[in-house]
Amino acid sequence: METRVYQSTKNYSISAVVKESLQGYKQSFYLAKQLAKRDISAQYRQSILGVFWAIAPIIMNAIVWIFLNGTGTIKLAQTSIPYPLYVIIGTTLWAIFTDCILLTITSVNANKSIITKINFQKEALITLGFIKLLFNLLIKFILVIVLMLYYHIPISSSIIYFIPFMLISMLALISIGILITPIGILYQDISKAVPIAMQILMYATPVVYVMPKTGFIKTLMELNPFSYLIINIRNSLTGYPIENLHVLIFYAIVSIVLFFVSIVVYRIAIPIITERMSA
Amino acid sequence: MGEVLIKVENVSKKFSKDLKKSLYYGLVDVFAGIFGSTKKRELRGDEFWAVKDVSFELRRGECLGLIGHNGAGKSTLLKILNGLISPDEGRVEIHGRVAALIELGAGFNPILTGRENIYNNGSVLGLTRKEIDKLVDEIIDFAELREFIDAPVQNYSSGMKVRLGFAVATCIKPDVLILDEVLAVGDAGFRIKSFNKISEIIKGCAVIFVSHSMPTMMRICSKMAFMSHGRALYYGDNVNHAIELYYQAFEGENSKIEFNDGADIENIYINNKLTNCDDFIELNYLGTLTIELDILLKKEISKFFISVQITDKDLKIVGQYFSNKFYQNFTGSTNKTKIKVELNDIQFIDGDYAITYFITESIGKNYAFLATYRNYSKLRMVGLNDTIYASIFMKGKSFQNNEILSLKDE
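Chains A and B, in that order, give the protein sequences.
If you count by this note's numbering, then the first sequence holds residues -2 to 276, one letter each, in order.
If you count by this note's numbering, then the second sequence holds residues 83 to 492, one letter each, in order.
Since the hints were derived computationally from the structure, they do not count as laboratory data.
Treat the hints with caution; some may be incorrect.
With a straight-line cut-off of 27 Å between C-alpha atoms, the simulated DSSO-like cross-links for lysine-lysine are [claimed, not checked]:
#, chain 1, residue 1, chain 2, residue 2
1, A, K114, B, K285
2, A, K114, B, K422
3, A, K109, B, K422
4, A, K109, B, K103
5, A, K30, B, K134
6, B, K102, A, K109
7, B, K255, B, K275
8, A, K114, B, K447
9, A, K16, B, K99
10, A, K114, B, K102
11, B, K380, B, K398
12, B, K275, A, K114
13, A, K114, B, K134
14, A, K114, B, K103
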């Protein structure tokens, strides 16, 4: 028979927590899948335009920039691929990055009522958020693929790097999101600040315009770890060579370390924040 | 007796009264938890013990009733036992599969159909898809919702929702069952059904049960813990004693003159003693309750009667007397009249009761209230020296082979 022991978390071994956490992901996979199905079907059953809302913000944002650039209101440097595609890929990726950071906080907040009442593997909430993210991501990339076909963008061997780059970026951002979740649940400031910070950070990353040759913005973009990811994911999609491929290993190591730290923090913090949650 | 399934040792939990501080302490605790601080957890500013030093053991087949006034720490203790929050001190050990009927219908989404929500709720409660597939028909039948199972849950009545939630929650076969005030669900028919279902489940597991319904407690529990301010003031198997303690913790409903537009009541004598509303009149089991009072009618009335209502601490009406049921009405007069009611062989069990007086005008088959004196006298029954949980202990004789049993000499 299964035995559970609950006592104050005064000391613990990291390896045990990591093991428990990984088991938590495994055991709660069906639950996460079921909740994702619930959320997605409920969302689309109550909507006429359905999937359009997943891509609407990206299209709107892109239209603004395409308009500003096309009318000459602002003068942007020439992009290597057609500007609309450049903007759409950039804003799509940026939207996904923002979603990744907010994934855990959003998921935990939306399921407060069951967290405070029912004992289940809370890792399910991260998986739940991830499944929903993947679903949205597929819809968003359909838009990108349609545009690529429209502009006859050739596919090169760089495309094989698309998946590793995406996975590593998402892993890193989701981990950061998990790390800020305990604070974000206690204080709502975090979930308000993240979208604003990401909005500002977007302009310091080659999302809607290319990295300038010189100047302050160039330095800023070079220092910004997101630039490397955005540039290379875009390159892999549009057939341009990957820049500084070896740096990816460094990103991968950092992401994996971040991930393990974050799952330990999450597992330890959840019971402590549960008692401060109202449902 | 079965094996020990729940072992609780000196469990304590503290909460903060101040939200800002509570959030800040939460942050501190998260960091302390991550860095494995071994500092002893003292009370910080604005904190109090929501649960303090609670210990008990429960075996398979036993049911522990947790009672106490609101805020006594019952729900917090349940949350600790359910593993939702960890104790600040002490240790909880639980063996076997745990089911908690605390929230019915967790994970329901109103837009989705009843059937889809069975899967949502079931998965939240830890069932796998295969298990739910097997149970789904049983659940639908138990909830009596076959006709509406493919309609969205938002169109269900609240009773239907609760029935569905209950059916899902109870299809699990647990070793440890945590019940929080969920038995009073649905209409009378479903309540009986759910009660029977619970009785069936608890035979094979260890149960912790929180409720404010003492009759239910009495029927189900084999052990009791009476909690007050986070501590278990009583823990043991004298269920009645715990229930008495629970009732003593309340002041009871206040005496008041609810209505006296038609008449005033004065000088209430009970068993020849002038009483005011704060005195308890002691009465022996099978004793006679004699009530004498003066009535001053405020207007011309030809006929009136008095009704005496006796309520227990649960506010349940345990007895009611109407003076005009078998006898004539009193004749009205604007002068002061003295009336007397004699109630014989009072069979109430030991405990405290309140008496309410109604003076009512009789107009043919109709009637009109003249005065209501709510809980205006207090009665304390003694002498039965037994604590059964019923309103009355019936008086009767027993025979064996047509011969009456001789009286017990005590």
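Hints versus structure:
| no. | hint | verdict |
| --- | --- | --- |
| 1 | A:K114 with B:K285 | holds, 25 Å |
| 2 | A:K114 with B:K422 | violated, 56 Å |
| 3 | A:K109 with B:K422 | violated, 61 Å |
| 4 | A:K109 with B:K103 | holds, 21 Å |
| 5 | A:K30 with B:K134 | violated, 39 Å |
| 6 | B:K102 with A:K109 | holds, 19 Å |
| 7 | B:K255 with B:K275 | holds, 17 Å |
| 8 | A:K114 with B:K447 | violated, 54 Å |
| 9 | A:K16 with B:K99 | violated, 36 Å |
| 10 | A:K114 with B:K102 | holds, 23 Å |
| 11 | B:K380 with B:K398 | violated, 31 Å |
| 12 | B:K275 with A:K114 | holds, 24 Å |
| 13 | A:K114 with B:K134 | holds, 21 Å |
| 14 | A:K114 with B:K103 | holds, 23 Å |
Taken one by one, the earlier hints fail for this structure at numbers 2, 3, 5, 8, 9 and 11, listed in ascending order.
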